[in-house]
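The listed protein sequences derive, respectively, from chains X and V. Sequential numbering from 1 applies to the first sequence in our numbering. Sequential numbering from 1 applies to the second sequence in our numbering.
A few of these clues could be false.
With a straight-line cut-off of 27 Å between C-alpha atoms, the simulated BS3-like cross-links for lysine-lysine are [as the list claims (entries may be wrong)]:
no.: 1; chain 1: X; residue 1: 109; chain 2: V; residue 2: 10
no.: 2; chain 1: X; residue 1: 64; chain 2: V; residue 2: 94
no.: 3; chain 1: X; residue 1: 28; chain 2: V; residue 2: 3
no.: 4; chain 1: X; residue 1: 33; chain 2: X; residue 2: 21
no.: 5; chain 1: X; residue 1: 109; chain 2: V; residue 2: 94
no.: 6; chain 1: V; residue 1: 94; chain 2: X; residue 2: 33
no.: 7; chain 1: V; residue 1: 42; chain 2: X; residue 2: 57
no.: 8; chain 1: X; residue 1: 96; chain 2: X; residue 2: 109
no.: 9; chain 1: X; residue 1: 49; chain 2: V; residue 2: 94
no.: 10; chain 1: X; residue 1: 46; chain 2: V; residue 2: 94
no.: 11; chain 1: V; residue 1: 10; chain 2: X; residue 2: 162
Simulated from the structure, these hints should not be mistaken for laboratory data.
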Amino acid sequence: MAKLNVNPTRMEMTRLKKQLKTAIRGHKLLKDKLDELMKQFLDIVKENKRLREEAEKALDSAYKNFIIARAVLSQEFLGEALMMPKQSVAVDVSVKNIMSVNVPVFDFKTEDNQSDIYPYGLAFTSGELDSAMESFSDAMQPLLRLAESEKTAQLLAQEIEKTRRRVNALENVMIPNYEETIKYISMKLEENDRASTTRLMKVKDMIAKKAIEERRQKDRALQQA
Amino acid sequence: MYKVGIIGDKDSIMGFLALGIDIFPAYEADEIKRNIRDLVEKEYAIIYITEQASLLVQEYIARYKDNRLPAIIIIPGIGGSMGIGMNEVRESAKRAIGADILFSE
Numbered sequence: 001m002a003k004l005n006v007n008p009t010r011m012e013m014t015r016l017k018k019q020l021k022t023a024i025r026g027h028k029l030l031k032d033k034l035d036e037l038m039k040q041f042l043d044i045v046k047e048n049k050r051l052r053e054e055a056e057k058a059l060d061s062a063y064k065n066f067i068i069a070r071a072v073l074s075q076e077f078l079g080e081a082l083m084m085p086k087q088s089v090a091v092d093v094s095v096k097n098i099m100s101v102n103v104p105v106f107d108f109k110t111e112d113n114q115s116d117i118y119p120y121g122l123a124f125t126s127g128e129l130d131s132a133m134e135s136f137s138d139a140m141q142p143l144l145r146l147a148e149s150e151k152t153a154q155l156l157a158q159e160i161e162k163t164r165r166r167v168n169a170l171e172n173v174m175i176p177n178y179e180e181t182i183k184y185i186s187m188k189l190e191e192n193d194r195a196s197t198t199r200l201m202k203v204k205d206m207i208a209k210k211a212i213e214e215r216r217q218k219d220r221a222l223q224q225a
Numbered sequence: 001m002y003k004v005g006i007i008g009d010k011d012s013i014m015g016f017l018a019l020g021i022d023i024f025p026a027y028e029a030d031e032i033k034r035n036i037r038d039l040v041e042k043e044y045a046i047i048y049i050t051e052q053a054s055l056l057v058q059e060y061i062a063r064y065k066d067n068r069l070p071a072i073i074i075i076p077g078i079g080g081s082m083g084i085g086m087n088e089v090r091e092s093a094k095r096a097i098g099a100d101i102l103f104s105e
């Protein structure tokens with residue numbers, strides 16, 4: 001493991017210890033966030049799958065009916081019949097917050113008169129087109145709900161990926177690095193301590209020796225006198 | 001107020017016209033890209049795109065995946081489902097969980 005490039009001083013160590021504490025706290029928080037996100041995501045993605053199956057099934061039958069209608073009516077006539085839609089769809093987008101991920105909530109405003117979805121006069125068109133339109137209309141609701149659910153799943157997936165990367169970076173890089181560096185500094189400081197202790201002992205020794213020597217000379221001088 | 005649009009081949013998307021969804025027929029990759037760009041600018045919140053059309057512009061669609069709007073949703077075209085739309089769901093599950101656990105049954 002690489003240690004950080006810092007001076008081995010006591011102050012640096014205090015700073016690093018503080019950072020390590022923050023990193024560990026952040027790691028725990030992010031991990032909790034990841035767990036909760038995952039829990040939410042599983043529900044949403046299951047719903048997403050279910051909605052998609054529903055929408056695709058509805059769409060499938062709509063297409064089938066439409067193909068039949070197209071076979072019966074000419075291309076130009078069909079285009080003309082569908083040209084002026086009776087209903088219109090508008091979406092109101094609001095924001096929902098799932099674990100600090102902003103996901104859109106689509107609120108649909110379909111302006112239509114429920115009694116009649118056919119944008120054409122019934123006199124010149126065939127019944128096949130009517131049933132095609134009806135099944136398209138049935139597919140509409142699942143399709144719109146699918147849009148919301150799928151977008152939510154995508155955004156959550158992105159957030160989960162991001163959070164997991166952060167958790168891993170903290171767990172496997174940042175925290176070990178801090179620990180390693182703190183260990184390095186404390187070892188270096190201890191080493192310095194030992195070095196100065198030995199130096200002091202050595203100096204003390206030298207001073208003591210000198211004192212003894214002086215004392216002996218003094219004693220000798222006294223004896224001679 | 002946002003709008004809803006659909007991009008794809010004319011046969012597939014024509015039926016949506018009656019529902020009040022704006023249709024944008026496009027066949028070539030460039031055409032499709034231009035349509036997507038236009039729709040994003042014009043504040044379409046939901047853009048449906050047929051599977052066939054989405055195949056031509058996959059990376060272009062992926063670009064909008066992480067944005068809150070628009071939601072670009074892949075739907076089957078008139079030829080029936082090729083499983084691409086479902087694959088999108090699977091991809092996002094894989095991305096989040098790291099393994100394909102939802103669909104493995």
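For each hint, the structure was consulted:
With a CA separation close to 25 Å, the supplied pair residue 109 of chain X and residue 10 of chain V stays within the 27 Å bound. Proposed proximity of residue 64 of chain X and residue 94 of chain V is contradicted: the alpha carbons are some 33 Å apart, above 27 Å. Straight-line distance between C-alpha atoms of residue 28 of chain X and residue 3 of chain V comes to about 42 Å, which puts the hinted pair past the 27 Å bound. The suggested pairing of residue 33 of chain X with residue 21 of chain X holds, with an alpha-carbon distance near 18 Å, which does not exceed 27 Å.
Straight-line distance between C-alpha atoms of residue 109 of chain X and residue 94 of chain V comes to about 34 Å, which puts the hinted pair past the 27 Å bound. Distance restraint check for residue 94 of chain V and residue 33 of chain X: the Cα-Cα separation of roughly 19 Å lies within the 27 Å cut-off, and the hinted pair is therefore satisfied. For the proposed pair residue 42 of chain V and residue 57 of chain X, the alpha carbon gap of about 30 Å is over 27 Å, so the pair is violated. Simply put, residue 96 of chain X and residue 109 of chain X have alpha-carbon atoms about 18 Å apart, close enough for the 27 Å limit, and the pair holds.
Taken as a hint, the residue 49 of chain X and residue 94 of chain V pair is honoured in the structure, with Cα atoms around 13 Å apart against an allowance of 27 Å. Taking the CA atoms of residue 46 of chain X and residue 94 of chain V, the gap is near 13 Å; set against the 27 Å cutoff, the hint holds. With a C-alpha separation of about 39 Å, the suggested pair residue 10 of chain V and residue 162 of chain X falls outside the 27 Å cut-off, and the hint is violated.
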